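K.L.:
Chains Z and G, in that order, are what the protein sequence lines are.
Take the first sequence: its letter number 179 is residue 714 in this note's numbering, and every next letter is one higher.
Take the second sequence: its letter number 106 is residue 113 in this note's numbering, and every next letter is one higher.
Source of the hints: derived by calculation from the structure; they are not laboratory data.
These numbers come from a predicted model, not from an experiment.
Don't take each hint at face value.
Beta-carbon label-pair distances, calculated as ranges [claimed, not checked]:
hint, chain 1, residue 1, chain 2, residue 2, range
1, Z, ARG943, G, ARG125, 40 to 46 Å
2, G, ARG49, Z, ARG719, 28 to 34 Å
3, G, MET8, Z, GLU954, 33 to 39 Å
4, G, MET8, Z, GLY550, 31 to 37 Å
5, Z, ALA542, G, PRO143, 43 to 49 Å
Computed footprint of chain Z on chain G; a stretch qualifies when at least three of its residues, placed anywhere within it, have a C-beta under 8 Å from a C-beta of chain Z [stated by the list, open to error]:
hint, stretch
6, 39-53
7, 58-64
8, 100-113
9, 119-130
Glycine included, each C-beta is placed from N, C-alpha and C at the ideal position.
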Amino acid sequence: MPLRLDADERAWLDGAAGPARRLAMRLIVHAARNARAERLRPITRAHVDGCLYHGPVSVDFARTLADAGARVVVPTTLNVSAIDHLHPDLFRGAARIADGARALRRAYAAMGCRQTWTCAPYQLPDRPAFGEQIAWAESNAIVFANSVLGARTERYGDFIDIAAAITGRVPDAGLHRDEGRHARVLVQVRGVSATERTRDLFFAALGHQVGLAVGGAIPVIEGVDHAAEDDLKALGAAAASSGAVAMFHVAGVTPEAPTVAAALGGRPPERVVRMGPADLAAALRALGGDTDAPLGAVCLGTPHFSVAEFRRLRAALAGRPIDSSVRLYVSTGRDVLAAVAAEGWADDLRAAGVTLVTDTCTYLTPILEPRPGAVMTNSAKWAWYAPGNLGCQVVFASLEACVESAVRGRVCHDPAMRELTGA
Amino acid sequence: MPEVLHAGRGAGAVVVLDAPLSFWGGVDEAEGTVIDVHHPQRGAPLAGRVLVMPAGRGSSSSSSVLAELIRNGHAPAAILLREADPILAMGALVAAELYGRQVPVVVLEPDAYAAAARAARLAVTAPEGDDARLVPLPAP
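Work the whole structure out from these sequences, hints included.
P.N.:
Here it is in structure tokens:
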């Protein structure tokens, strides 16, 4: 069946609602034809990733829409920027990038987008409900919305994200449909379980291996009986970095997987993958878990740090300052920072030597002070992308080991690492 | 039958990637070379080449990176995939809408993909629809 548009959609495509809506419809229709969709579907909200500056094309596109009078027709949030708009002095990159970032802020604001500037829109109040049809970009947000919230979004990227916000439509395909959400690969975790001490490492390493094993397929993970939201955030972000995972199920944990069979939609898995201590050890090595190097900085908050993670950070610091030889950066959303500041925690952390970064992230833009030494992180996503983006050496460890290292001024090996892998 | 995700024509030397690649974080935006430190073809130049790779991967910013490469003249001449990648197709579409430059994005069936990967140089002609043609070219 070819794509059928309703009367409104045809009129928008013909330009009846102006050139901006027409361009946005051309993008949606192109995507719908490629997805073999038979119709479009309304959405209730959007999250836009195209507000990150990648070069003149980012600004040309946003201005083309904004100058033509485009307005979003559903509540629309913004992903990260190339700069920290609240703390612009933190940006150490070229002036043309900062200028581009500001031009994008003006264009997306003119279209009616909320200035959220976070890669973790699921931490904002009023997040999507189970079953809600949405259009989210940013790989970690996509995988979280589908897997943890049970909201429905395809793997949207730059350009189509704002096109969906302007039209209120997406192709009726893929993860928007019941049959597109069933797992195809069964991942059986055996011989390892996450304790309180090992949970960072476990979920990040598992996500990394799952991404490598399944590519873009939907897995159902069996053998993990408990996970907090931040654990699932780490798992999803890792799997969407090493692979193209847009949704995962954890049997007995995530909302569309009461059982393995339910997650599989009643069909047998196309593939069964077993994961044990040796696989997790391989993931930890690949992420930089066995690196022994002088320490230059610690980066936390990829994806953006939650209030619960700030609580853990405070507990790990226990009132101690960061060593003067090390910088500790925490990337977070401005809404979470406001909540943390209201508790008095932001002042405490800054007094301890912590640099709080909002609106952007330390792995994608020049924020880190240039200094020798490796960078330690508890984020598989940071560990995956930073060596290419920033050219730095990464040491991967739990949040607690990262903080201990920052306080002592040297890499402190993670006892949890040995506990988890049995090495 | 090949599936044309974005129409266009392009020709050049073939570069074959053995693993999926995310353009964002994986390709230098100014020069068009592979910078993904995890990728087996790290350092491979993509500008002006017929890129043959199994699939895209990861970041939703890859649309922007491809569109930027098309704008600045360092994009692949054509992209041939084994699995559809809507994110790359969207980057090609936006570059066409903004700058009028067409870089074809085509999904091939296994035999055609294997043949493309063996070619040294290819000319890709991909009109709207499903009748894309790949013609091997002699060495320059």
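K.L.:
Please flag the earlier hints that this structure goes against, numbers listed from lowest up.
P.N.:
1, 3, 9
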